[in-house]
Each structure stands twice: as C-alpha cells, then as structure tokens.
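Peer 1: Protein chains in written order, with our numbering: chain A, 121 to 236; chain B, 506 to 619.
Everything labelled a hint here was simulated from the structure, so no lab data went into it. There's no promise every hint is true.
Example chain B residues on the side facing chain A (calculated, C-beta under 10 Å, incomplete) [what the hints assert, rightly or not]:
{"hint": "1", "residue": "540"}
{"hint": "2", "residue": "555"}
{"hint": "3", "residue": "569"}
{"hint": "4", "residue": "610"}
Glycine included, C-beta positions come from ideal geometry on N, C-alpha and C.
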Amino acid sequence: NAGVTQTPKFQVLKTGQSMTLQCAQDMNHNSMYWYRQDPGMGLRLIYYSASEGTTDKGEVPNGYNVSRLNKREFSLRLESAAPSQTSVYFCASSPWSPISGANVLTFGAGSRLTVL
Amino acid sequence: AQTVTQSQPEMSVQEAETVTLSCTYDTSESDYYLFWYKQPPSRQMILVIRQEAYKQQNATENRFSVNFQKAAKSFSLKISDSQLGDAAMYFCAYRARSGYALNFGKGTSLLVTP
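The shape of chain A in the complex, shown without the other chains (with noise of 0.2 Å):
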C-alpha cells in the first residue's frame, strides 16, 4: 500500500541548476497534482493533471514544468532553479472523474527543496 511516492525527499540546488521531482502512484487515480509549501501561504498549486496525457497550469506556474508519463508518473521539473522555489513539494493524486463524488486528493510525504 505505497500509495503516492514522491523522490527525492530532499534536495539541495544551486542557482541555475535543473532537477526533476519524480511522483507516482499506484491506486490507479486518474488525477494528479503538484503542490508547493511555504510558510504562511499553504499549499499552493503548480500543475496539475486530470487524465493520462493532459496537464494544466495551477496557481504558480511559472519557473516549473511537468511531464505526465503514464497513468502512475507525474514528474515536475525546474529547468534553472531560483532561490524563490526553495519549497516543500507535495505531489498528490485521486480518483477523480465527473460524475464521482468528492474525490479526495491523497498526498504524498512532500520533498524539500533548497535552493541556494
């Protein structure tokens, strides 16, 4: 029962480098996300990705980009990381459909990222 893995769990970055944050699941969820923490904001969302070979922006973003793979994998990357995504990413995933209920988003344990 891994449900939603997310690695690295921690990663320390330079200005200018790039890095992937790998996500996936196996509770065959349709829908899967990519969130980022910081102090007094809450979650804020990156991207997204209702089904299999579609993505969509979220809230913030700019500076990320995302690959849905396959059903399982949904990876995020920094192409050239700044101080300003130092964070705490959470990958999430459900089951969501149209004509289903409230589809609760289940989270993976987050990966922080430093960016120096």
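Using the hints, position chain B against chain A.
Peer 2: Using the frame of chain A, we list chain B on its own:
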C-alpha cells in the same frame, strides 16, 4: 477564483478541552466540497473530514465535527476532547464540483498543552 481564508494563524487548547478552527471561503458555485486536512510535524497531509455542500447535515468523524453554514460561506472545525496527537497544522480546502484541484487556506497551527 475561489479563495479560502483561515483567520487564525495559531490556536492553543488544553488537553481534553474543545477547540474550534475557523474557515471562510468565497465562491459563486452552488455545488462544491469542503475539506479539513491535518499536517503533523511529519509533514504528511492527512484528511480529517469532508463536507458536501448539498448536504445540510454537518459531517462528523469521531472527535472531529464541522459547522457548515452555506449562506455565510463558513466551514469551521470542532475538535472535542483534544489530545496531544492533535497538535498539527490544519488546512481548510475547497473544490468546486466541476473542478479538479483543491484550493487551500493558509493554515492554522494548533498547539495542545497538557
């Protein structure tokens, strides 16, 4: 755009007492869902309770209950018989029925004292 407001950055409660965390939201939708998530120091996001807007009855989950006031756009969380393990950051969240993602408030840090 929908906004979720948690006006209490920090709250404190004594063990075994009751505490209420406030949440208001702004939306033009009539059908939506509301959630409370708990984030303990482990950082894991844990669903506490959820409410469907078309249900007038307030949701309850053991010691956790909500006071859902649709007209006032208010969704408060009541924790009864508080335990040390309830200490965490609590986030209120909203999702329109037709929407995909959750919109979160900024959170309330709950401290539980012995």
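Peer 1: Does each hint fit the structure? Answer for all of them.
Peer 2: Hints, one by one, checked against the model:
{"no.": "1", "hint": "540", "verdict": "holds (7 Å)"}
{"no.": "2", "hint": "555", "verdict": "holds (5 Å)"}
{"no.": "3", "hint": "569", "verdict": "violated (15 Å)"}
{"no.": "4", "hint": "610", "verdict": "holds (6 Å)"}
Of the numbered hints listed earlier, the single one contradicted by the structure is hint 3.
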